[in-house]
Amino acid sequence: MHELSLVKSLLQQVEPYQDRPIKKVVLEVGTMTCVDPERLVFCFDMVKEEAGLSDVNLQINMQQAIAKCQQCEREFKLQQLGQPCECGSYHYTIGTGRDLNLIEIEFNDV
Amino acid sequence: MCNHCGCSAEKARISDPQSGKHTHLHMDGNSLKLQESLLAGNTALAEQNRKWLQKLQVIAINLMGTPGAGKTALLEATLKAPQFASLDISVLEGDQQTSNDAKRIQSAGGKVLQINTGTGCHLDADMIHSGIHSLEPQPGSLLFIENVGNLVCPALFDLGENYRITMMSVTDGADKPEKYPHMFSECDLIIINKADLLPYVDFDLEYAKNCIAKLNPDADVILMSANKQGDADEENQQWQQWLMNRVNNA
Ligand SMILES: [Zn+2]
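Chains A and R are the protein sequences, given in the same order.
The numbering used here puts the first sequence at residues 1 to 110.
The numbering used here puts the second sequence at residues 1001 to 1250.
To be clear, the hints were calculated from the coordinates, so they are not data collected in a lab.
None of the values given here were measured: they were computed from a predicted structure.
We put the beta carbon where it would ideally sit given N, CA and C, even for glycine.
Please note that a few of the clues may not be correct.
Here are the simulated SDA-like pairs of lysine to any residue, each with C-alpha atoms no more than 25 Å apart in a straight line [unchecked claim]:
id: 1; chain 1: R; residue 1: LYS1209; chain 2: R; residue 2: GLN1238
id: 2; chain 1: R; residue 1: LYS1179; chain 2: A; residue 2: ASP99
id: 3; chain 1: A; residue 1: LYS8; chain 2: R; residue 2: GLN1238
id: 4; chain 1: R; residue 1: LYS1080; chain 2: R; residue 2: GLU1047
id: 5; chain 1: R; residue 1: LYS1033; chain 2: A; residue 2: ASP19
id: 6; chain 1: A; residue 1: LYS68; chain 2: A; residue 2: GLY95
Which chain A residues face chain R? A few, computed with CB under 10 Å, are given here [to be verified]:
id: 7; residue: TYR17
id: 8; residue: LEU81
id: 9; residue: ASP99
id: 10; residue: ILE105
id: 11; residue: ASP109
In silico negatives: residues of chain R with every beta carbon more than 12 Å from chain A [to be verified]:
id: 12; residue: ILE1089
id: 13; residue: ALA1108
id: 14; residue: LYS1111
id: 15; residue: CYS1121
id: 16; residue: ASN1162
id: 17; residue: MET1244
id: 18; residue: ARG1246
Using the sequences plus the hints, can you model the full thing?
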């Protein structure tokens, strides 16, 4: 389960900010990363108490994948791998949709 | 305004003096805006591995696939093939437990190091980094990294390899590419192994090839029987050709 490895990296990245009580952590997950958001939350819930983050709400924003066709040069929303471009071509490069980012940390009022 | 990311609300900046990379701290009320990749650590290490291997002129191949696809059998056969006798081949063997596969590689004459991932389901760049240190592949040699048998997790982790191979066998079912599109879409070569069993199993080869063509139209696809190598089998020659092309183009 690679989601657990990701949660481990997340904990490391959040650690330097833990001197203030954290309310929410927001992640951006590309739809073409083979990361399951529900499993990510499940893994986070498993370890958050131990990491001193039991009150943290993990929010996951999905990032829509956009591909660029090598045939007709059109940009299109890629819903799933193996989907053809409107022109019928399967030759395309995926631009956005592969990101796995920590984008926001929200703190409680002190 | 920051000339790296164009932001105007810069409040503070954390910079790494070595790489010149920087992170902004955009504090807006109680909210801190960041843009940090969760895989940044792995990616940086993978890049380091890649440079190191390149300096040594070592070609690294990440061999991924289903458990039981025949990854170890392919390496054994490759080590024994007279066509590759001139190649210096070493192997980093990834498995959750046991050194069974490493022993097989050793018996076949390969230089090998076992990496046990324990509960982990994939190899990461850090394990490869330590692996290269211990294994010390010789300049100009070929390094195979046999990943943990798994069609999901290994796809996400860059190890610093030059090529990626995804391997499945005809006993796995023809819909594996469709079920695990990430693994099949992010590799240079797809090997469909155990072709000698085709007459005995219900495997729709055309269906599998069709799915692969949609997922990864630029990948090479080779049908072979890894354990029957050594004979003048045409299918196995394709593998030998593929590998020699990579070695000669390095
Ligand atoms: Zn197109």
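Now for the hints, and whether the structure bears them out:
1. R:LYS1209 - R:GLN1238: holds, 16 Å
2. R:LYS1179 - A:ASP99: holds, 22 Å
3. A:LYS8 - R:GLN1238: Not satisfied, since the Cα-Cα distance of roughly 41 Å exceeds 25 Å.
4. R:LYS1080 - R:GLU1047: Status violated; Cα separation ~32 Å.
5. R:LYS1033 - A:ASP19: Holds: LYS1033 of chain R and ASP19 of chain A sit about 17 Å apart, inside 25 Å.
6. A:LYS68 - A:GLY95: holds, 7 Å
7. TYR17: Holds. Min distance 7 Å.
8. LEU81: holds, 4 Å
9. ASP99: Constraint on ASP99 of chain A satisfied, holds at 7 Å.
10. ILE105: Interface hint status for ILE105 of chain A: holds (4 Å vs cutoff 10 Å).
11. ASP109: holds, 6 Å
12. ILE1089: Holds: least Cβ distance 28 Å, greater than 12 Å.
13. ALA1108: Non-interface label on ALA1108 of chain R holds, nearest chain A Cβ at 30 Å vs cutoff 12 Å.
14. LYS1111: holds, 28 Å
15. CYS1121: violated, 6 Å
16. ASN1162: holds, 20 Å
17. MET1244: holds, 27 Å
18. ARG1246: At roughly 22 Å from the nearest Cβ of chain A, ARG1246 of chain R sits farther out than 12 Å, so the non-interface label holds.
Violated hints for the displayed structure, listed by number in ascending order: 3, 4, 15.
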